[in-house]
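**Q** Here is how the chains run, residue by residue.
2 protein chains.
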Amino acid sequence: MNHWNELIYIYPFLNTLDEETKSIIKNSLIIREFDSDYTLIYESSSCLGFSLIISGSIRVYKLSDKGREVTLYKLEKGDTCYLSMSCMLTNKHFPAFAEVIEPTVIAFIPSSIFNKYIYNTLEFQKYIFENLYTKFNNVLKVLEELAFESVDIRIAKYLLLISQKANSSKYLYLTQEKIAQELGTSREVVSRILTDFKNKGILISSRGKISILDFDKLNNIAKL
Amino acid sequence: MNHWNELIYIYPFLNTLDEETKSIIKNSLIIREFDSDYTLIYESSSCLGFSLIISGSIRVYKLSDKGREVTLYKLEKGDTCYLSMSCMLTNKHFPAFAEVIEPTVIAFIPSSIFNKYIYNTLEFQKYIFENLYTKFNNVLKVLEELAFESVDIRIAKYLLLISQKANSSKYLYLTQEKIAQELGTSREVVSRILTDFKNKGILISSRGKISILDFDKLNNIAKL
Numbered sequence: 005m006n007h008w009n010e011l012i013y014i015y016p017f018l019n020t021l022d023e024e025t026k027s028i029i030k031n032s033l034i035i036r037e038f039d040s041d042y043t044l045i046y047e048s049s050s051c052l053g054f055s056l057i058i059s060g061s062i063r064v065y066k067l068s069d070k071g072r073e074v075t076l077y078k079l080e081k082g083d084t085c086y087l088s089m090s091c092m093l094t095n096k097h098f099p100a101f102a103e104v105i106e107p108t109v110i111a112f113i114p115s116s117i118f119n120k121y122i123y124n125t126l127e128f129q130k131y132i133f134e135n136l137y138t139k140f141n142n143v144l145k146v147l148e149e150l151a152f153e154s155v156d157i158r159i160a161k162y163l164l165l166i167s168q169k170a171n172s173s174k175y176l177y178l179t180q181e182k183i184a185q186e187l188g189t190s191r192e193v194v195s196r197i198l199t200d201f202k203n204k205g206i207l208i209s210s211r212g213k214i215s216i217l218d219f220d221k222l223n224n225i226a227k228l
Numbered sequence: 005m006n007h008w009n010e011l012i013y014i015y016p017f018l019n020t021l022d023e024e025t026k027s028i029i030k031n032s033l034i035i036r037e038f039d040s041d042y043t044l045i046y047e048s049s050s051c052l053g054f055s056l057i058i059s060g061s062i063r064v065y066k067l068s069d070k071g072r073e074v075t076l077y078k079l080e081k082g083d084t085c086y087l088s089m090s091c092m093l094t095n096k097h098f099p100a101f102a103e104v105i106e107p108t109v110i111a112f113i114p115s116s117i118f119n120k121y122i123y124n125t126l127e128f129q130k131y132i133f134e135n136l137y138t139k140f141n142n143v144l145k146v147l148e149e150l151a152f153e154s155v156d157i158r159i160a161k162y163l164l165l166i167s168q169k170a171n172s173s174k175y176l177y178l179t180q181e182k183i184a185q186e187l188g189t190s191r192e193v194v195s196r197i198l199t200d201f202k203n204k205g206i207l208i209s210s211r212g213k214i215s216i217l218d219f220d221k222l223n224n225i226a227k228l
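Chains as they are written, first to last, in the numbering used here: chain D, 5 to 228; chain Y, 5 to 228.
One or more hints might be untrue.
Any copy will do: because identical chains look the same in the list, a pair fits if it lies in one copy or spans two.
EDC-like mimics (lysine to aspartate or glutamate), calculated; alpha carbons at most 20 Å apart, straight line [said to hold, decoys possible]:
no., residue 1, residue 2
1, Lys145, Asp69
2, Lys161, Asp69
3, Lys66, Glu148
4, Lys227, Glu192
To be clear, the hints were calculated from the coordinates, so they are not data collected in a lab.
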């Protein structure tokens with residue numbers, strides 16, 4: 005399967021390279037498909053090269069000693085994985101984890117080709133700066149919520165967001181574990197707050213499923 | 005006062021420009037000095053151009069509706085202010101505030117000169133990507149602490165850090181307000197935890213000054 009046309013459409017900087025370089029890159033591409041739940045770890049040994057995400061979705065998260073998680077941002081079509089950037093460019097490792105959350109296709113450009121033909125181009129540098137700047141702002145937003153908003157407000161917001169993504173459905177297929185991971189809190193805290201919401205007549209929660217009964221009340225909490 | 009030699013030493017990408025461009029930039033520089041506590045806000049109207057920090061220190065922080073703060077990172081010699089970058093390049097405003105914490109000298113390059121001669125150079129793009137990447141990792145570290153560490157551990161770590169910077173001094177000149185701002189918590193929480201530390205014989209706290217009595221105990225809390 006040839007992904008080249010798709011790639012230059014998603015990553016226009018590739019199209020600014022000269023024809024010979026394009027041909028070299030085209031012939032050296034490694035296309036890999038990853039299933040959901042696959043963990044893309046940051047070990048340099050597993051680095052296949054510079055990554056161009058063609059489709060799917062990857063979650064980048066922090067993991068605490070005690071196994072708690074907080075989601076930093078998602079990587080999708082048009083993004084690159086800073087894990088592989090940093091494993092190629094510096095000796096520092098990327099201080100986070102990444103896992104596939106929707107089946108994902110990534111094109112890898114081998115390090116030697118990337119370093120020789122891509123890294124030193126202006127168009128690539130512009131792309132990478134802009135992409136990182138967007139991620140940076142996402143992370144600032146996550147940080148702001150962690151610093152300033154109580155967990156009940158953050159859970160209410162998250163439930164509304166998930167409902168919105170599912171065409172305002174009142175049925176959300178979510179485990180307490182998943183909510184805790186997204187928001188950087190513990191399952192116990194999520195459980196306590198869902199029970200509180202239940203007592204207030206806002207929702208019913210069963211194994212892996214939440215049914216929202218009162219959107220107005222949930223909106224009120226999210227707006228506090 | 006001519007800051008040019010200092011500037012090209014701190015920002016080597018300037019030295020890669022051709023002689024004519026260097027001369028244009030040199031003649032268009034606006035040097036401004038800012039006193040401590042001056043707030044560099046993000047209003048586009050006040051943007052003097054692209055900023056190159058020559059000396060001093062700037063604190064970039066988030067502010068909540070309720071007036072709570074959390075410090076994201078510091079900007080120092082060799083850094084640039086993303087506030088001015090984003091006010092020149094995009095319509096998005098930078099989602100944070102910045103204030104001068106040590107007297108600071110900034111060289112500004114007017115937007116028109118920056119856009120015409122600097123932004124489109126490879127060396128500049130490499131500089132800006134690397135600089136942002138470092139800030140990005142700092143922010144991830146702050147986020148990790150907010151998500152996973154309780155406030156008492158974070159305060160213990162912060163006190164040890166400040167002591168270390170003052171040659172392991174046992175006397176720290178810090179207000180509760182300042183600690184709260186740095187760590188994104190409220191003054192009340194800081195007060196409660198300092199009282200707890202006092203009761204444990206770890207420190208004595210008076211107006212604007214903390215005296216550490218027992219470094220071992222403080223280290224133990226920081227390591228929990």
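**Q** Evaluate each hint against the coordinates.
**A** Verification of the supplied hints:
1. Lys145 with Asp69: Between copies, since 14 Å is at most 20 Å while 23 Å is not.
2. Lys161 with Asp69: between (27 Å within a copy, 17 Å between copies)
3. Lys66 with Glu148: Classified as both: same-chain Cα gap 16 Å, cross-chain 7 Å, threshold 20 Å.
4. Lys227 with Glu192: neither (24 Å within a copy, 24 Å between copies)
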